[in-house]
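Sequences and hints are given; from them, build the entire structure.
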Amino acid sequence: MRWLKALLLRILLWFLGRGICACARLDSRAAAEVAGWAEGQGLCLQIAPTGPAMALTKSDGRLRFLGLRAEPAADLVIQFKHPEGALPVFLGRQSIAQAYAQRRMTMKGDLTFAMSVVRVMLITEAYLFPGLITRRIMQRVPEREVSAARVYLSTLLTA
Amino acid sequence: MLPRYYEFYNPVKVLSGDHALENLPYEMAHLSASRPILLTNQQLVEVGLTRILESALRGSELVIAAQFTEIPPDSSVHVVNAAGRVFREAGCDSIIALGGGSVIDTAKGLRVLIGQETDDIMQYMGADIVKPARRVPFAVIPTTAGTGSEATLVAVIAHPERQVKMEFVSHHLLPDLAVLDPRLTRSLPPRITASTGMDALVHAIESYTSVQRNPLSDAYAWAAIELIRDHLPRAVANGHDTEARLAMANAALMAGAAFSNAMVGLVHAIGHAVGAICRVAHGDAMAILLPHVMEYNLDLVHERYGRLLLALAGPELYAATPAPERGQQAIAVVRAFSQRLHEACGLPLRLRDVGVTDDVLPAIARTAINDGALLLNPKEAGLDDVLQILRQAL
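Protein chains in written order, with my numbering: chain R, 1 to 159; chain U, 160 to 553.
The reader is advised that the hints may include incorrect statements.
Unchecked claim - Covered stretches of chain U (chain R as the covering partner; in silico rule of three or more C-beta atoms under 8 angstroms from a C-beta of chain R):
# : region
1 : 160 to 173
2 : 529 to 535
What the hints assert, rightly or not - Which residues of chain U face chain R? A few of them, derived with a C-beta cut under 7 angstroms, are:
#  : residue
3  : Gly285
4  : Ala286
5  : Asp287
6  : Ile288
7  : Val323
8  : Val370
9  : Gln371
10 : Glu539
11 : Asp543
Stated by the list, open to error - Restraint ranges, calculated between C-beta atoms of paired labels, are given here:
#  : chain 1 : residue 1 : chain 2 : residue 2 : range
12 : U       : Asn182    : R       : Arg2      : 45 to 53 angstroms
13 : U       : Arg511    : R       : Ala35     : 32 to 40 angstroms
14 : U       : Gln551    : R       : His82     : 38 to 46 angstroms
15 : R       : Ala35     : U       : Ala503    : 43 to 51 angstroms
16 : R       : Lys5      : U       : Ala503    : 58 to 66 angstroms
17 : R       : Arg25     : U       : Thr277    : 52 to 60 angstroms
18 : R       : Trp3      : U       : Gln282    : 29 to 37 angstroms
19 : U       : Glu229    : R       : Tyr152    : 51 to 59 angstroms
20 : U       : Lys172    : R       : Gly67     : 30 to 38 angstroms
21 : R       : Tyr152    : U       : Ser191    : 56 to 64 angstroms
These aren't lab readings, by the way, just hints derived from the structure by calculation.
C-beta: ideal position from N, C-alpha, C; glycine also.
This is the structure in structure tokens:
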């Protein structure tokens with residue numbers, strides 16, 4: 001079962017990472033957040049102890065998915081302490097704030113930057129998850145500016 | 160209802176009451192510490208607080224190996240590095256912090272610096288990433304009753320060149336000892352007593368309603384509120400009221416332990432921004448913003464505020480208030496409490512009273528929404544919500 005969960009997390013991280021990049025292109029609020037990030041600023045999301053990871057960085061003014069790999073030197077490294085703490089977040093069963101409140105993760109880097117990352121993640125989740133799920137984990141679900149299908153298409157085709 | 164999962168950690172040994180300072184050498188010896196560096200500031204030296212400590216240590220085997228007093232109101236990485244050089248040159252083996260928030264934050268930064276055996280604490284900025292290679296015994300002697308920093312896992316240290324306030328959140332920042340000796344807060348002026356006391360009240364109220372709250376943090380928050388209700392006005396009216404001073408020192412520590420394990424919320428997110436942009440004293444910002452943020456949160460945490468009415472006002476008012484009205488009544492009690500302190504010592508009630516002007520509110524709001532405290536507020540808040548709260552508080 002462990003390998004299955006690890007595989008599931010890899011798939012979910014891939015979708016989330018590329019989905020964030022898609023939202024940064026298609027959603028004005030996500031784009032505005034990323035516009036405030038410095039060139040080269042990046043984040044890494046990983047699952048301890050040896051689980052999957054994904055990394056993003058802003059390069060040439062655009063947010064780019066660096067792949068399913070760890071970037072320990074990223075400006076912000078969010079590391080879930082265990083796959084069981086990460087899965088509810090990536091499956092839409094728990095908000096990132098609730099996971100933080102339960103101390104499911106460590107954060108290395110500037111926590112101010114983390115707040116901007118969280119806002120972009122919330123916008124992305126509003127596209128990637130159905131309303132039934134987002135309404136359960138968010139008090140205010142960000143309205144979709146474009147169709148979810150367009151974000152999904154961009155997530156699948158454009159990194 | 161119990162959270163589905165929570166963590167609580169408070170390993171601080173508390174020495175509270177008469178001649179608490181005199182027990183410090185015994186406790187430090189048990190931590191294998193004999194040559195501490197004393198961190199404090201020049202003002203506290205001048206008012207004679209270090210003399211009280213020196214007198215308490217006289218005749219013991221605990222030797223203050225070095226004293227570092229160059230600590231400004233907002234500590235920075237340069238201050239921590241300078242303290243680190245003094246620590247290493249004097250061959251110190253432990254840390255004693257005597258002071259308020261800035262001194263204690265500097266001491267926590269120093270503990271990271273020495274414990275990690277590093278010259279750059281920047282790489283340890285963040286939440287739960289400090290893993291010390293060396294254990295440095297650490298005692299805190301607070302000289303204000305408000306920050307509760309002697310029982311918290313948080314430190315904020317500025318990096319002026321990078322223009323960031325580095326936030327460190329780690330259990331390894333919690334001191335081994337907290338010494339609450341009423342002799343050390345006796346000289347605190349009424350106005351600062353009120354302001355710092357309101358900071359403690361905000362810690363307790365925000366942790367009681369935080370997303371991260373848990374039964375243990377609730378217990379600490381509740382006890383702190385009752386102590387503040389009964390003793391803050393007394394400590395403001397008469398600084399030499401030893402019982403009130405000691406009660407407030409305990410309340411601040413308990414509220415600190417509560418927020419260390421449940422964190423704070425929107426009052427702190429906005430208050431940090433008000434402090435950063437307009438240089439408003441932290442406690443003043445807390446006192447001004449508290450009722451406005453409570454109004455904002457009320458619809459989501461009505462029941463929690465309603466319960467707090469018992470701690471804030473006592474059983475008579477609680478019993479006389481119908482259940483649906485208790486939340487709103489709790490806010491009214493907080494307003495009346497601030498008003499009472501305003502009349503006693505001039506505690507400010509509006510942002511304009513502390514020099515905040517309408518034109519800086521958007522900048523404050525933009526800074527506030529990037530504060531980590533916002534994440535755990537019971538009600539989500541965006542830029543427009545924060546702006547509205549600021550306008551109401553102006």
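Hints and how they fare:
1. Figure legend: the region 160 to 173 of chain U, annotated as covered by chain R; annotation consistent (5 residues with Cβ-Cβ distances under 8 angstroms, at least 3 required).
2. Given as covered by chain R, the region 529 to 535 of chain U passes the check, having 6 residues with a CB less than 8 angstroms from a CB of that chain where 3 are the minimum.
3. Interface hint at U:Gly285: satisfied, since its Cβ lies 4 angstroms from the closest Cβ of chain R, which is below the 7 angstroms cut-off.
4. For the restraint placing U:Ala286 at the interface with chain R, the shortest Cβ-Cβ distance is roughly 4 angstroms, inside the 7 angstroms limit, so the hint holds.
5. With a cut of 7 angstroms, the hint placing U:Asp287 at the interface with chain R holds, because the nearest CB-to-CB distance is about 4 angstroms.
6. About 5 angstroms separates the beta-carbon of U:Ile288 from the nearest beta-carbon of chain R, less than 7 angstroms, and the hint is met.
7. A least Cβ separation of about 6 angstroms between U:Val323 and chain R falls short of the 7 angstroms threshold, and the interface hint therefore holds.
8. The interface hint given for U:Val370 holds, since its Cβ lies 5 angstroms from the closest Cβ of chain R, which is under the 7 angstroms cut-off.
9. At about 4 angstroms, the closest approach between the beta carbon of U:Gln371 and any beta carbon in chain R falls short of 7 angstroms, and the interface hint on this residue holds.
10. Taken as an interface hint, U:Glu539 checks out: its beta carbon lies about 5 angstroms from the nearest beta carbon of chain R, inside 7 angstroms.
11. Using the Cβ-Cβ criterion of 7 angstroms, the hint placing U:Asp543 at the interface with chain R is not satisfied: the shortest such distance is roughly 11 angstroms.
12. Here the CB-CB span from U:Asn182 to R:Arg2 is close to 51 angstroms, well matched to the stated 45 to 53 angstroms.
13. With their beta carbons about 33 angstroms apart, U:Arg511 and R:Ala35 fall inside the hinted range of 32 to 40 angstroms.
14. In this structure the supplied range 38 to 46 angstroms holds for U:Gln551 paired with R:His82, their Cβ-Cβ distance being about 43 angstroms.
15. Take R:Ala35 and U:Ala503: their Cβ atoms lie about 49 angstroms apart, and the range 43 to 51 angstroms holds.
16. Checked against the hint of 58 to 66 angstroms, the pair R:Lys5 and U:Ala503 passes, with Cβ atoms roughly 59 angstroms apart.
17. Range check, R:Arg25 to U:Thr277: about 39 angstroms between beta-carbon atoms, so the 52 to 60 angstroms window is missed.
18. The hinted window of 29 to 37 angstroms between R:Trp3 and U:Gln282 holds, with their beta carbons roughly 33 angstroms apart.
19. Checking the proposed 51 to 59 angstroms range against U:Glu229 and R:Tyr152 shows it holds: the Cβ atoms sit about 57 angstroms from each other.
20. Taken as a hint, the range 30 to 38 angstroms is violated for the pair U:Lys172 and R:Gly67, whose Cβ atoms sit roughly 48 angstroms apart.
21. Judged by the Cβ atoms, the range 56 to 64 angstroms given for R:Tyr152 and U:Ser191 holds: they are separated by roughly 60 angstroms.
Of the hints listed earlier, those the structure fails to meet are numbers 11, 17, 20, in rising order.
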